[in-house]
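Visitor: Below, each chain spelled out in residue letters.
Number of protein chains: 2
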Amino acid sequence: MYHNKRSAVSTVPNEDPIRVGFIGLSFSKGWALKTHRPAILQLSSQFVITAVYDEDEKMAIDTIERLKLVHAKPFTDLESFSTFENVDMIVVSVQASQQYEIVMPLLEFSRRNSNLKYLFIEWAFASNLQQAEKVYQAAAIRGLQTIIALQGRKSPYIQRAKELIHENNIGEINSIEISCNACWYGYERSRKVANGMFEMGNGLDLVTTTFGHTIDLLQYITESYFSKINALIFNNIPEQMLVDDLGNPMGRTSPKTVPDHLLFHGCLQRGNVPVSCTIKGDKPTKKFTKNFIIDIHGTRGDIKIEGDAGFAEMSNLVLYYSGIRVNDIPIASDNGHPVQPSLDQGKEFMEVYHLRNYDAVHGNVFRLYQSIADFHFNTKNIPNLPSQFVMQGFEFEGFPTLMDGLIIRRLIDSVYRSNSMGATLDVTHILQFPSSV
Amino acid sequence: MYHNKRSAVSTVPNEDPIRVGFIGLSFSKGWALKTHRPAILQLSSQFVITAVYDEDEKMAIDTIERLKLVHAKPFTDLESFSTFENVDMIVVSVQASQQYEIVMPLLEFSRRNSNLKYLFIEWAFASNLQQAEKVYQAAAIRGLQTIIALQGRKSPYIQRAKELIHENNIGEINSIEISCNACWYGYERSRKVANGMFEMGNGLDLVTTTFGHTIDLLQYITESYFSKINALIFNNIPEQMLVDDLGNPMGRTSPKTVPDHLLFHGCLQRGNVPVSCTIKGDKPTKKFTKNFIIDIHGTRGDIKIEGDAGFAEMSNLVLYYSGIRVNDIPIASDNGHPVQPSLDQGKEFMEVYHLRNYDAVHGNVFRLYQSIADFHFNTKNIPNLPSQFVMQGFEFEGFPTLMDGLIIRRLIDSVYRSNSMGATLDVTHILQFPSSV
Numbered sequence: 001m002y003h004n005k006r007s008a009v010s011t012v013p014n015e016d017p018i019r020v021g022f023i024g025l026s027f028s029k030g031w032a033l034k035t036h037r038p039a040i041l042q043l044s045s046q047f048v049i050t051a052v053y054d055e056d057e058k059m060a061i062d063t064i065e066r067l068k069l070v071h072a073k074p075f076t077d078l079e080s081f082s083t084f085e086n087v088d089m090i091v092v093s094v095q096a097s098q099q100y101e102i103v104m105p106l107l108e109f110s111r112r113n114s115n116l117k118y119l120f121i122e123w124a125f126a127s128n129l130q131q132a133e134k135v136y137q138a139a140a141i142r143g144l145q146t147i148i149a150l151q152g153r154k155s156p157y158i159q160r161a162k163e164l165i166h167e168n169n170i171g172e173i174n175s176i177e178i179s180c181n182a183c184w185y186g187y188e189r190s191r192k193v194a195n196g197m198f199e200m201g202n203g204l205d206l207v208t209t210t211f212g213h214t215i216d217l218l219q220y221i222t223e224s225y226f227s228k229i230n231a232l233i234f235n236n237i238p239e240q241m242l243v244d245d246l247g248n249p250m251g252r253t254s255p256k257t258v259p260d261h262l263l264f265h266g267c268l269q270r271g272n273v274p275v276s277c278t279i280k281g282d283k284p285t286k287k288f289t290k291n292f293i294i295d296i297h298g299t300r301g302d303i304k305i306e307g308d309a310g311f312a313e314m315s316n317l318v319l320y321y322s323g324i325r326v327n328d329i330p331i332a333s334d335n336g337h338p339v340q341p342s343l344d345q346g347k348e349f350m351e352v353y354h355l356r357n358y359d360a361v362h363g364n365v366f367r368l369y370q371s372i373a374d375f376h377f378n379t380k381n382i383p384n385l386p387s388q389f390v391m392q393g394f395e396f397e398g399f400p401t402l403m404d405g406l407i408i409r410r411l412i413d414s415v416y417r418s419n420s421m422g423a424t425l426d427v428t429h430i431l432q433f434p435s436s437v
Numbered sequence: 001m002y003h004n005k006r007s008a009v010s011t012v013p014n015e016d017p018i019r020v021g022f023i024g025l026s027f028s029k030g031w032a033l034k035t036h037r038p039a040i041l042q043l044s045s046q047f048v049i050t051a052v053y054d055e056d057e058k059m060a061i062d063t064i065e066r067l068k069l070v071h072a073k074p075f076t077d078l079e080s081f082s083t084f085e086n087v088d089m090i091v092v093s094v095q096a097s098q099q100y101e102i103v104m105p106l107l108e109f110s111r112r113n114s115n116l117k118y119l120f121i122e123w124a125f126a127s128n129l130q131q132a133e134k135v136y137q138a139a140a141i142r143g144l145q146t147i148i149a150l151q152g153r154k155s156p157y158i159q160r161a162k163e164l165i166h167e168n169n170i171g172e173i174n175s176i177e178i179s180c181n182a183c184w185y186g187y188e189r190s191r192k193v194a195n196g197m198f199e200m201g202n203g204l205d206l207v208t209t210t211f212g213h214t215i216d217l218l219q220y221i222t223e224s225y226f227s228k229i230n231a232l233i234f235n236n237i238p239e240q241m242l243v244d245d246l247g248n249p250m251g252r253t254s255p256k257t258v259p260d261h262l263l264f265h266g267c268l269q270r271g272n273v274p275v276s277c278t279i280k281g282d283k284p285t286k287k288f289t290k291n292f293i294i295d296i297h298g299t300r301g302d303i304k305i306e307g308d309a310g311f312a313e314m315s316n317l318v319l320y321y322s323g324i325r326v327n328d329i330p331i332a333s334d335n336g337h338p339v340q341p342s343l344d345q346g347k348e349f350m351e352v353y354h355l356r357n358y359d360a361v362h363g364n365v366f367r368l369y370q371s372i373a374d375f376h377f378n379t380k381n382i383p384n385l386p387s388q389f390v391m392q393g394f395e396f397e398g399f400p401t402l403m404d405g406l407i408i409r410r411l412i413d414s415v416y417r418s419n420s421m422g423a424t425l426d427v428t429h430i431l432q433f434p435s436s437v
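Residue numbers (UniProt numbering), protein chains in the order written: chain A, 1 to 437; chain B, 1 to 437.
One thing to keep in mind: the hints can contain errors.
No copy labels: a pair is met if it fits in one copy or bridges any two.
Once the Cα atoms are required to be at most 30 Å apart in a straight line, the calculated DSSO-like pairs of lysine-lysine come out as [to be verified]:
#  : residue 1 : residue 2
1  : 290       : 117
2  : 68        : 58
3  : 287       : 228
4  : 287       : 347
5  : 162       : 287
6  : 347       : 134
7  : 290       : 162
8  : 228       : 68
9  : 192       : 347
10 : 347       : 283
11 : 5         : 287
12 : 228       : 290
13 : 380       : 283
14 : 228       : 134
15 : 162       : 34
Hints are computed from structural coordinates only; laboratory data are not their basis.
Use the sequences and the hints to build the structure in full.
Guide: As structure tokens, this is what we get:
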């Protein structure tokens, strides 16, 4: 059996909260403000922001003042920030395309900072696989405990699906179908969205973002990586129509070099399970299907996870389960005699799991921070808890690390290569740790 | 505009009905008895059975007597049957694995039969592609008008979907997802089903049957063939559990060499449309999805075709349409001025198309016979109707021929090769007519 899967953090003030240094937090806008900041506010006994880095000094000072970060010191110089000893964890919440140029020198400078223990990097983990491999290796050599923002793993729906399967409630998985709608990459582009999102190489394409998050969740739920894969990638909409804030066409188009459709299929190592996954980039015009669907079929039951938005890591979902639960089958008691089967034995159960007011955008990031605190403070009193771990893998406990992220980065790279080579690829090698570490 | 898509056959007795010679019709059982016989009975002004071939003379005579085929003569010798002049059409309704050895000599013998015009062959068109190519060429050299039983093309749901798309009611197609459940190929096997169904090479595997029919319908609806494809084929259930007539396990297993799962994806030539298609072989345990789904997404609407059974060619379906109809957009009138747009312009329409009592097993075969009669008698008075055509292609009128069947046979062959080669294949060549004809 596992440890209690719920976080055990308390609201009792903590003498030594985790001191956080932020890159990418701004009082005015951005993902860090929207999600990291509320998570830390809610976990004020576990985390305190002690440093804010911004090249623009006024911005750093304003952010500290406006967000009332009374314990924080502003930095405009990456070296001073990286060596600032009053920091346990550095959060790099900038776009994927800027991560490499910040994190590599940061890791080098931070060698002189013996207090620094954690490095938290936003998905998509650099612009491409080559950068991600280098960042992974540099962080491993530096000896930091890393965290990657594949926060969908903390979604209660993903956890519940994983639990149902792990506890054998659908039997052996024999088939999986996934379908997502990635709304950004369609015929229209809001003038508010930066062009970089639609240029290849920035790590913001639908394979890297929508597929990356989704396939990480699928592997996490099923507790298996892929053995072989094939992909076809389409850019059928090379020009997008610009629309204004009300959605009205502005009479101009803008080029798009990122894909608008991914067809992916492959099989899982465990059980040789066929998996089909399609990602459609367009406004959710699908009238008769949901914009996010994972269908998992097993020998004794099925799980369906559905959502109105195509992004499982940040949208609210519904989980449907139907199957014959294994705990209705008699289990040997302590004296070796089988326990009497319950009256429900062999009957089919149905479960609809939905948290009506769950705010997934905040909730999943919040739960990721909770799991960092659970680890740091060992709030669950796990005996012999190691001081560091390389990857979360398929554990319920813990949090995804750069190694977990690297596996997805390598899968994404294989997806692009499969498409360009026109080949079905063996991807078992993507689990290998970098040879030089 | 098209000719009226409905059949124009009448019930007025016809002086010269199409004289049909049957191979595979038996009074006691079989697909011909179940579907061809009722179709011909309903179309008694258009068709009359004049010959029945069976190696077993008693069976031939009994079939004629028991089915009251008063105009029919029994044959036990293929040569005499093939040269019998009182026949316009020969129907070969035997299993795929027996078709080649019957049809090849039949075609040779029939050179001496100047009355024979039509050859109707059951899907799956021989055991494999090589045989199908030979049969196609032999029939072409013989100069017969061929018919292949891809009768799903005649399904009213398929016709309606094709019509909605053809008349531009969903705009440009940009994405297609197909999911079918092929119940036979799962964990359990009824002892009533012959072993041959589960042995590779008989043309009865789920790629050749379920996928073959379904992908033919998809191409027919969208009016496009594929440009490239990739497939992964699984046989994860190499032993099936035998069950009795009540579905109870008999304590024995039987080997299965045919696949139980197909993952297919590719893109259509027209519009480079991404298509995903998964065929799962197992009892329909999917609780939260239908056993047959085609989702077609377009720029201005969507079509969903659903069914409870995974076989579109012989199960009743439901069609859902939502979109902006093109006939609500102003059209130039005769004098060149635009007609006033209707009040419905730009509004979204919804259609649920379902014939509650439609019997698809009989209905689609019946409609196929209707279309043969429509052609033979030119019941629609189409001017300059050719006396023969090589293929139906994507026409509403007519019926699928061996060339249409050969294209599907070649696609199926490419599916198997894609899987074994681990390659994404260009399949544009499958449209080429055999070079020797």
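Visitor: With reference to the structure, classify each hint as holding or not holding.
Guide: How the hints compare with the structure:
Proximity of residue 290 to residue 117 under the C-alpha cut-off of 30 Å is found in neither arrangement, the shortest distances being 42 Å within a copy and 50 Å between copies. In this assembly of identical chains, residue 68 and residue 58 lie within 30 Å of each other by CA distance solely inside one copy; the values are 15 Å within and 98 Å between copies. Taking CA atoms no more than 30 Å apart as the test, residue 287 paired with residue 228 passes between copies only; the shortest distance there is 28 Å, against 33 Å inside one copy. Taking the closest pair of Cα atoms, residue 287 and residue 347 come within 30 Å of each other only across two copies (14 Å); inside a single copy the shortest separation is 34 Å, beyond that limit.
When the C-alpha separation of residue 162 and residue 287 is checked against a cutoff of 30 Å, the pair qualifies both within a copy, at 29 Å, and between copies, at 18 Å. In this assembly of identical chains, the alpha carbons of residue 347 and residue 134 never lie at most 30 Å apart, being 52 Å within a copy and 53 Å across copies at closest. In the homo-oligomer, the alpha carbons of residue 290 and residue 162 lie at most 30 Å apart both inside one protomer (21 Å) and across protomers (24 Å), since each shortest distance falls under that limit. Taking the shortest Cα distances, residue 228 and residue 68 never come within 30 Å of each other, neither inside one copy (50 Å) nor across copies (58 Å).
Taking the shortest Cα distances, residue 192 and residue 347 sit within 30 Å of each other only across copies (28 Å), while inside one copy they are farther apart (53 Å). For the identical chains of this complex, residue 347 and residue 283 are inter-copy neighbours only, at 18 Å across copies versus 41 Å inside a copy, given an alpha-carbon limit of 30 Å. When the C-alpha separation of residue 5 and residue 287 is checked against a cutoff of 30 Å, the pair qualifies only between copies, where the shortest distance is 28 Å, while the shortest distance within a copy is 37 Å. Taking the shortest Cα distances, residue 228 and residue 290 sit within 30 Å of each other both inside one copy (27 Å) and across copies (28 Å).
Taking CA atoms no more than 30 Å apart as the test, residue 380 paired with residue 283 passes in neither setting, with 43 Å inside one copy and 44 Å between copies. In this assembly of identical chains, residue 228 and residue 134 lie within 30 Å of each other by CA distance solely inside one copy; the values are 25 Å within and 36 Å between copies. Proximity of residue 162 and residue 34 under a CA criterion of 30 Å is satisfied intra-copy only: 28 Å inside one chain copy versus 47 Å between copies.
The structure shown violates the earlier hints numbered 1, 6, 8 and 13.
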